[in-house]
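Student: Residue numbers (this note's numbering), protein chains in the order written: chain A, 1 to 158; chain B, 1 to 158; chain C, 1 to 158; chain D, 1 to 158.
Careful, some of the hints might be misleading.
Identical chains blur together in the list; that is why a pair holds if it fits in one copy or across any two.
Dumping the calculated SDA-like pairs for lysine to any residue here, alpha-carbon to alpha-carbon at most 20 Å [what the hints assert, rightly or not]: (1) Lys-30 / Arg-117; (2) Lys-30 / Glu-55; (3) Lys-108 / His-61; (4) Lys-30 / Tyr-53; (5) Lys-108 / Asp-152; (6) Lys-23 / Leu-132; (7) Lys-136 / Leu-42; (8) Lys-138 / Glu-34; (9) Lys-87 / Gly-36.
It should be emphasised that the hints constitute simulated quantities derived from the structure, not laboratory data. Just so we're clear, the structure is a prediction, and the values are computed from it rather than from any experiment.
Okay, here's what each chain looks like letter by letter:
Number of protein chains: 4
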Amino acid sequence: MKNVPKKMTNFQPRDPNFREKVKDSFTRQKVMGELGVEINDLSPGEIELQFPYDERWTQQHGFIHAGIISTVMDSACGYAAFSLMPKYAAVLSIEFKSNFLAPAAGEKFRIISRVIRSGRTITVAEADAFALSSDKEKHVAHMTATIMTVLDNNSIQQ
Amino acid sequence: MKNVPKKMTNFQPRDPNFREKVKDSFTRQKVMGELGVEINDLSPGEIELQFPYDERWTQQHGFIHAGIISTVMDSACGYAAFSLMPKYAAVLSIEFKSNFLAPAAGEKFRIISRVIRSGRTITVAEADAFALSSDKEKHVAHMTATIMTVLDNNSIQQ
Amino acid sequence: MKNVPKKMTNFQPRDPNFREKVKDSFTRQKVMGELGVEINDLSPGEIELQFPYDERWTQQHGFIHAGIISTVMDSACGYAAFSLMPKYAAVLSIEFKSNFLAPAAGEKFRIISRVIRSGRTITVAEADAFALSSDKEKHVAHMTATIMTVLDNNSIQQ
Amino acid sequence: MKNVPKKMTNFQPRDPNFREKVKDSFTRQKVMGELGVEINDLSPGEIELQFPYDERWTQQHGFIHAGIISTVMDSACGYAAFSLMPKYAAVLSIEFKSNFLAPAAGEKFRIISRVIRSGRTITVAEADAFALSSDKEKHVAHMTATIMTVLDNNSIQQ
Chain A
1 MKNVPKKMTN FQPRDPNFRE KVKDSFTRQK VMGELGVEIN DLSPGEIELQ FPYDERWTQQ
61 HGFIHAGIIS TVMDSACGYA AFSLMPKYAA VLSIEFKSNF LAPAAGEKFR IISRVIRSGR
121 TITVAEADAF ALSSDKEKHV AHMTATIMTV LDNNSIQQ
Chain B
1 MKNVPKKMTN FQPRDPNFRE KVKDSFTRQK VMGELGVEIN DLSPGEIELQ FPYDERWTQQ
61 HGFIHAGIIS TVMDSACGYA AFSLMPKYAA VLSIEFKSNF LAPAAGEKFR IISRVIRSGR
121 TITVAEADAF ALSSDKEKHV AHMTATIMTV LDNNSIQQ
Chain C
1 MKNVPKKMTN FQPRDPNFRE KVKDSFTRQK VMGELGVEIN DLSPGEIELQ FPYDERWTQQ
61 HGFIHAGIIS TVMDSACGYA AFSLMPKYAA VLSIEFKSNF LAPAAGEKFR IISRVIRSGR
121 TITVAEADAF ALSSDKEKHV AHMTATIMTV LDNNSIQQ
Chain D
1 MKNVPKKMTN FQPRDPNFRE KVKDSFTRQK VMGELGVEIN DLSPGEIELQ FPYDERWTQQ
61 HGFIHAGIIS TVMDSACGYA AFSLMPKYAA VLSIEFKSNF LAPAAGEKFR IISRVIRSGR
121 TITVAEADAF ALSSDKEKHV AHMTATIMTV LDNNSIQQ
């Protein structure tokens, strides 16, 4: 394609402390600690997470369960979105859709998410999951997620 | 609506030992054991799973992470599909899509899945997740999943 | 399943003139007129649409194109949602996902949508499409759609 | 992100006549002609389509209906996938999911699709839709689609 437009603008974070905010919230997601997920890299509208293979999270063929891969992709999408939100906003997953491209077999897994639309109420983000073995990296899953900015925290309880 | 057609036919399992087959495979999904998921009920093309609240699986507000709810909904869809497959088939999640309808707050969670289309290669199933507290049950998530019947086991590795 | 909870509550429309409102908006969707879509039935949170086969809307095998079936399912979901919204709200499709269960071959097509979650900002609805031939009705597609209630009409332009 | 892996390999078409095959099938999709869709560009695993604004395809606010945008995105995904398939294969949409990022307002629309996973049976493709006005181009929609390679043509009728 000769003429592909740039889909991603350079995002400006609305909260200058977006790094601390994302890291604080990430630390409070107990499931991230349980899965051993770490933040590799973080910039406005983008995040990279990583976690190791652990047979506790496997399905019947010994691969990481599609839902566990989706758990990390969903957190990645949520935090890519959250990095662009104003100071007192909370983040809520409305929906996500995952495609599984290859078995999640590997020593560790790298998840990269980036925002593709950052609106006042609705953010759309994508994530890709890669399985890493000693010598290669394989694209194993793809997610599109719709995230809501919640300015009134009580709404989260509703 | 006066005239809603029945979407669900009475499914006939192609393998008379479908119950043992589903239970064996379910037991081999280590993540189901880790999350404490149990099979409440199983019939051809339908399954009900249940698991308890555990703060290890929570997101930043103390609710069960959307990805963990999706993990159990995906297994439910996979086993509803698997219950209708022929003897030597393996089951593979191609993709799923979840909508989150309310926070996953409760003492335990009930997931019900049923097949809506059972084809030779492609099965489509839905799942609904309900959060149970002492006195009430709330619909918290909905999934549609596309599942592939794999007759050649080597394909799973590809 | 012995004990499936009722997912659908009896919805109360927030606007007593919801029928006129839905029909007015439907008439302004020029694509509905172009496709020959008619409203068969309408109640709070539910709608049934119908349209005839026309080879202008076909794909390469002579079946109605999956996108055209999705166009009518999306309008059905939007109007099922709109029927429950307050007087001055506008309706916006955030996203939808369709599964295609069988070829859309038939003389006419019936689309039924119902709301599964009606929130202040976000509504989730499902739709099913059925192909009707002289003697039978076949389930050909299923959609889940996420719809936003827009109270500030300017937002639609953004 | 320092180290984003290339997701897209250089695809090798399995049928050297893939261009003619795609164009022949595209011409037989009557809905493409009806909407005025043209092929701008085609290479293995990638396609660019274009169509003009026409008020016949509008929803209630005068924008192109989300389902019509999805119709063209679905054809784009299908033909990006078809360009990589072997000679006697047919292409079938199993499911797709669209996110709507901005109103489809513009003079014409450009749709770009590329394959992200090309397997023996299952192909996954993405599409992006852009609205063009005199001076600018806006990203209005994003699709992920799952496409099946059908080698036995009779299966399409089932």
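Student: Hint by hint, say whether it matches the structure.
Tutor: Results of checking the hints against the structure:
1. Lys-30 / Arg-117: neither (28 Å within a copy, 28 Å between copies)
2. Lys-30 / Glu-55: both (19 Å within a copy, 7 Å between copies)
3. Lys-108 / His-61: Within. Shortest intra-copy distance 17 Å satisfies the 20 Å Cα cut-off; inter-copy 27 Å does not.
4. Lys-30 / Tyr-53: both (18 Å within a copy, 13 Å between copies)
5. Lys-108 / Asp-152: For Lys-108 and Asp-152, the Cα distance exceeds 20 Å both inside one copy (38 Å) and across copies (27 Å).
6. Lys-23 / Leu-132: neither (24 Å within a copy, 31 Å between copies)
7. Lys-136 / Leu-42: neither (23 Å within a copy, 30 Å between copies)
8. Lys-138 / Glu-34: Close neither inside one copy (24 Å) nor across copies (26 Å); limit 20 Å.
9. Lys-87 / Gly-36: Neither: 27 Å inside a chain and 37 Å across chains, both beyond 20 Å.
Checked against the numbered hints above, the structure violates hints 1, 5, 6, 7, 8 and 9; every other hint is satisfied.
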